[in-house]
Amino acid sequence: MSYLNMKDENLIPVVVELNTLSANYHVYYQKLRSFHWNILGENFFDLHTKFEELYTDARIKIDEISERVLTLRHHPMSKLSDYLEISEVKEVSPLKSDRDMVIETLNDHKILLKQMSNVIKKAENASDEGTLDLIGAYIRGLEKSSWMLNAWTKNTSDKLKVDMIES
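The opening residue of the sequence shown carries number 2 in this note's numbering; numbering runs sequentially from there.
In short, the hints are calculated from the structure, not lab data. Source: prediction; values computed, not measured. C-beta atoms are modelled at their ideal positions from N, C-alpha and C, and glycine is treated no differently. Check the hints yourself; a few may be wrong.
Computed Cβ-Cβ distance ranges for the label pairs, DEER-style [unchecked claim]:
1. G142 - L41: 19 to 29 Å
2. K8 - S158: 48 to 58 Å
3. N6 - S118: 21 to 31 Å
4. L81 - V163: 18 to 28 Å
Using the sequences provided together with the hints, build the complete structure.
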(Lines of atoms letter the chains of each structure in order from A; the text may use other names.)
(Lines give C-alpha, C1' and ligand atoms only; values in the text may rest on other atoms or scores of the structure.)
Protein backbone atom coordinates (compact mmCIF):
# COMPACT_ATOMS: atom_id res chain seq x y z
CA MET A 2 0.00 0.00 0.00
CA SER A 3 1.35 3.42 -0.91
CA TYR A 4 0.43 5.94 1.78
CA LEU A 5 2.81 8.60 0.45
CA ASN A 6 1.82 11.00 -2.29
CA MET A 7 5.42 11.23 -3.49
CA LYS A 8 7.35 9.33 -6.10
CA ASP A 9 9.96 6.95 -4.74
CA GLU A 10 12.59 8.15 -7.23
CA ASN A 11 12.18 11.67 -5.81
CA LEU A 12 12.59 10.36 -2.26
CA ILE A 13 15.84 8.45 -2.77
CA PRO A 14 17.98 11.66 -2.58
CA VAL A 15 16.10 12.63 0.61
CA VAL A 16 16.83 9.22 2.14
CA VAL A 17 20.53 9.49 1.22
CA GLU A 18 20.79 12.89 2.91
CA LEU A 19 18.83 11.71 5.96
CA ASN A 20 21.16 8.73 6.33
CA THR A 21 24.15 11.08 6.10
CA LEU A 22 22.60 13.29 8.77
CA SER A 23 22.06 10.22 10.92
CA ALA A 24 25.71 9.21 10.51
CA ASN A 25 26.81 12.70 11.54
CA TYR A 26 24.51 12.58 14.55
CA HIS A 27 25.84 9.18 15.66
CA VAL A 28 29.45 10.39 15.77
CA TYR A 29 28.37 13.70 17.35
CA TYR A 30 26.39 11.77 19.99
CA GLN A 31 29.40 9.67 20.96
CA LYS A 32 31.67 12.72 21.12
CA LEU A 33 29.23 14.41 23.48
CA ARG A 34 29.14 11.30 25.67
CA SER A 35 32.92 11.31 25.76
CA PHE A 36 33.05 15.01 26.64
CA HIS A 37 30.41 14.44 29.35
CA TRP A 38 32.54 11.69 30.90
CA ASN A 39 35.87 13.49 30.59
CA ILE A 40 35.13 17.13 31.45
CA LEU A 41 37.30 18.58 34.24
CA GLY A 42 37.77 21.94 35.87
CA GLU A 43 35.75 24.81 37.26
CA ASN A 44 33.07 24.48 34.56
CA PHE A 45 32.54 20.79 35.28
CA PHE A 46 29.01 21.07 36.67
CA ASP A 47 27.70 23.34 33.91
CA LEU A 48 29.29 21.48 31.01
CA HIS A 49 28.71 17.97 32.39
CA THR A 50 25.00 18.81 32.46
CA LYS A 51 25.04 20.61 29.09
CA PHE A 52 26.79 17.74 27.30
CA GLU A 53 24.24 15.31 28.76
CA GLU A 54 21.41 17.56 27.56
CA LEU A 55 22.94 17.70 24.08
CA TYR A 56 23.59 13.96 23.76
CA THR A 57 20.09 13.14 25.03
CA ASP A 58 18.67 15.44 22.35
CA ALA A 59 20.95 13.84 19.72
CA ARG A 60 19.77 10.35 20.71
CA ILE A 61 16.15 11.39 20.17
CA LYS A 62 16.98 12.94 16.80
CA ILE A 63 18.83 9.80 15.68
CA ASP A 64 15.68 7.78 16.34
CA GLU A 65 13.40 10.31 14.63
CA ILE A 66 15.64 10.52 11.55
CA SER A 67 15.70 6.72 11.23
CA GLU A 68 11.95 6.54 11.67
CA ARG A 69 11.53 9.21 8.96
CA VAL A 70 13.60 7.07 6.59
CA LEU A 71 11.32 4.13 7.44
CA THR A 72 8.25 6.32 6.87
CA LEU A 73 9.65 7.03 3.40
CA ARG A 74 9.69 3.22 2.87
CA HIS A 75 13.46 2.73 3.01
CA HIS A 76 15.84 1.13 5.49
CA PRO A 77 17.93 3.48 7.62
CA MET A 78 21.66 3.01 7.77
CA SER A 79 22.54 1.17 10.97
CA LYS A 80 26.18 0.02 10.98
CA LEU A 81 28.79 1.93 12.98
CA SER A 82 31.38 1.33 10.26
CA ASP A 83 29.09 3.02 7.74
CA TYR A 84 28.51 5.96 10.07
CA LEU A 85 32.23 6.48 10.55
CA GLU A 86 32.86 6.20 6.83
CA ILE A 87 30.38 8.85 5.68
CA SER A 88 30.18 11.19 8.67
CA GLU A 89 31.76 14.62 8.34
CA VAL A 90 31.75 14.81 12.14
CA LYS A 91 34.99 13.13 13.21
CA GLU A 92 36.11 11.42 16.38
CA VAL A 93 38.54 13.33 18.59
CA SER A 94 40.44 12.76 21.79
CA PRO A 95 38.39 13.46 24.90
CA LEU A 96 41.51 14.94 26.53
CA LYS A 97 40.61 18.54 25.77
CA SER A 98 40.04 21.64 27.83
CA ASP A 99 36.47 22.68 28.56
CA ARG A 100 36.79 25.54 26.07
CA ASP A 101 38.15 23.23 23.34
CA MET A 102 35.27 20.80 23.95
CA VAL A 103 32.74 23.59 23.45
CA ILE A 104 34.52 24.86 20.33
CA GLU A 105 34.62 21.31 18.95
CA THR A 106 30.89 20.99 19.63
CA LEU A 107 30.21 24.28 17.85
CA ASN A 108 32.22 23.07 14.84
CA ASP A 109 30.10 19.92 14.80
CA HIS A 110 26.98 22.09 14.88
CA LYS A 111 28.17 23.80 11.68
CA ILE A 112 28.50 20.39 10.02
CA LEU A 113 25.07 19.28 11.24
CA LEU A 114 23.43 22.51 10.11
CA LYS A 115 25.04 22.23 6.68
CA GLN A 116 23.79 18.65 6.34
CA MET A 117 20.32 19.71 7.47
CA SER A 118 20.36 22.29 4.70
CA ASN A 119 21.21 19.49 2.24
CA VAL A 120 18.23 17.49 3.52
CA ILE A 121 15.96 20.54 3.15
CA LYS A 122 17.00 21.05 -0.49
CA LYS A 123 16.29 17.42 -1.41
CA ALA A 124 13.04 17.38 0.54
CA GLU A 125 11.86 20.54 -1.23
CA ASN A 126 12.59 18.90 -4.60
CA ALA A 127 10.53 15.88 -3.54
CA SER A 128 7.68 17.96 -2.05
CA ASP A 129 8.36 16.07 1.18
CA GLU A 130 6.57 18.24 3.73
CA GLY A 131 7.07 15.78 6.59
CA THR A 132 10.86 15.88 6.28
CA LEU A 133 10.81 19.67 5.83
CA ASP A 134 8.82 20.05 9.04
CA LEU A 135 11.08 17.68 10.99
CA ILE A 136 14.37 19.21 9.87
CA GLY A 137 13.13 22.80 10.14
CA ALA A 138 12.51 22.25 13.85
CA TYR A 139 15.97 20.68 14.21
CA ILE A 140 17.61 23.70 12.61
CA ARG A 141 15.85 26.11 14.95
CA GLY A 142 16.85 24.09 18.03
CA LEU A 143 20.46 23.58 16.98
CA GLU A 144 20.89 27.26 16.14
CA LYS A 145 19.67 28.15 19.63
CA SER A 146 22.04 25.65 21.27
CA SER A 147 24.88 27.04 19.15
CA TRP A 148 24.09 30.59 20.22
CA MET A 149 24.19 29.56 23.88
CA LEU A 150 27.45 27.63 23.56
CA ASN A 151 28.99 30.49 21.60
CA ALA A 152 27.91 32.93 24.33
CA TRP A 153 29.66 30.68 26.87
CA THR A 154 32.96 31.12 24.99
CA LYS A 155 32.80 34.94 25.21
CA ASN A 156 34.15 37.31 27.81
CA THR A 157 31.64 39.31 29.82
CA SER A 158 33.01 42.48 28.20
CA ASP A 159 32.32 41.22 24.66
CA LYS A 160 29.44 42.77 22.72
CA LEU A 161 27.07 41.58 20.05
CA LYS A 162 26.30 43.71 17.02
CA VAL A 163 25.01 47.01 18.33
CA ASP A 164 24.25 48.96 15.16
CA MET A 165 20.49 48.37 15.53
CA ILE A 166 20.30 49.74 19.07
CA GLU A 167 22.82 52.60 18.86
CA SER A 168 20.96 54.82 16.48
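Do the hints match the structure? See the list:
1. G142 - L41: 19 to 29 Å: 28 Å, holds
2. K8 - S158: 48 to 58 Å: 56 Å, holds
3. N6 - S118: 21 to 31 Å: 24 Å, holds
4. L81 - V163: 18 to 28 Å: Given a distance of about 47 Å, which is not inside 18 to 28 Å, the answer is violated.
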